[in-house]
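Let chain A serve as the given structure and place chain B on it in line with the hints.
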Amino acid sequence: MEKSRRYAKSHEWARLEDDGSVTVGISAYAVEALTDLVFMQLPDVGATVTAGESFGEIESVKAVSDLYAPISGKVVAANTELPSQLETLGSDPYGSGWVIRIQPDSVEQLEALMNQEAYDKLIGG
Amino acid sequence: MNLSGTSKSSPNEKQPIGLHVWRDPPAAGGWNMAADEALARQSEETNRVLMRLYGWHPHTVSLGSFQRCVDFSETLELSHWPVVRRPSGGGAIIHGTDLTYGLAVPGSHDWSRGTEKLYAAVHGALVEELGGRHLRARMVETTGRETEQSFYCFNRRAFGDLVVEDASGTSPHGNHKILGSAQRRLSGVVLQHGSLLLHRNPHLQGEGSHVGLGDVLQAGSGSVNDVVDGWLQRLADRLNGELIVETGPSYEKENGEIARRTERYESVAWLHRR
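Protein chains in written order, with numbering that gives the first Met the number 0: chain A, 0 to 124; chain B, 0 to 273.
Since the hints were made in silico from the structure, they are not lab data.
Do not take every clue at face value.
To be verified - Derived CB-CB ranges, DEER-like:
no., chain 1, residue 1, chain 2, residue 2, range
1, B, GLU256, A, ILE122, 33 to 39 Å
2, A, GLU110, B, HIS202, 55 to 61 Å
3, B, PRO81, A, THR49, 33 to 39 Å
Glycine is no exception: its CB is placed at the ideal position from the N, C-alpha and C atoms.
Isolated chain A, as found in the complex:
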């Protein structure tokens, strides 16, 4: 399995790590579109998430949006520093702005997500 980032249509990214877990975050495009972020709610470690279903919420000055899990599995880590440092989402969305890590039910789920080229096409890049 390639370890580059994959993307959901709902703008979350997923990356397979060496230990078999999958790191999930929000694309730079989405962070920029949300603007003026004020609050974020993350799931607890140990929670089960399902592909395509909400695992958290993020609030900007004028809108609340759900975060959707790109794959199914169990949350093994959450970036608990993020809600108090939301600017990190904009400054380093693919690094320290990661959101959760999931132990996936199967890594093959990543195949169903978009690669960089397809995602760039989706956002008109």
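Coordinates of chain B only, in the frame set by chain A:
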């Protein structure tokens, strides 16, 4: 997240035209929130732009989705008020002398793409209507960082908020905010909540007391109802179709779907989620 209002329906589905409006009688907070959620799901299923206009009985405070419940508890002048948490964001609103709306826009419609378009459409239509009645109204262009954390929605100034000129010089902001809105971007549909303040609430003083539309309308400019009717017509015009005012399912107090959704909004867990 839903940034683009991506619809579960076919990408070739036609963009809906016209505006369907349900004018509902005043109801309790949990019911109102549940009815708006049902409205959003119906909008998605039927691919129509749906709007619900309603009041509140009893008068109720609604908190933004992420506001801290303790901030409400510590606001003494509200201690005896019923309270409900909205699914949408923003600050606390004291309902009773306002007209609240829920507007659901399916993902197939251009208005669902990006936060600003829907604000510009809804608030812009009212700015036009008020302008035609010689009231100087405008939309706030930038979010005021100094007011962002205010407990009350009507003390905040964020982009898109509708303000009218403060001719009396009584507002510390230099203007009166009379319409504020906030969105919940769901999968396949966007729900925008808004509150049009009609009159100053006689039961409140201090920070929670705000001027309403009826307090600033000049003689000969028509009534509050005239303004609302004109606003709705302008909205329908922007949707290139008819304004259809109809009885919605929320009139039916035995509506099972709304009753089921009400349980969530009346639960302690939802109210105290933060």
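Consistency of beta-carbon spacing, ILE122(A) to GLU256(B), with hint 33 to 39 Å: 35 Å, holds
Falls inside 33 to 39 Å, the C-beta gap from PRO81(B) to THR49(A)? For PRO81(B) and THR49(A) the Cβ distance comes to about 35 Å; the hint holds.
Would you say the C-beta atoms of GLU110(A) and HIS202(B) sit inside 55 to 61 Å of each other? 60 Å, holds
Every hint, counting from the list given before, is met by this structure.
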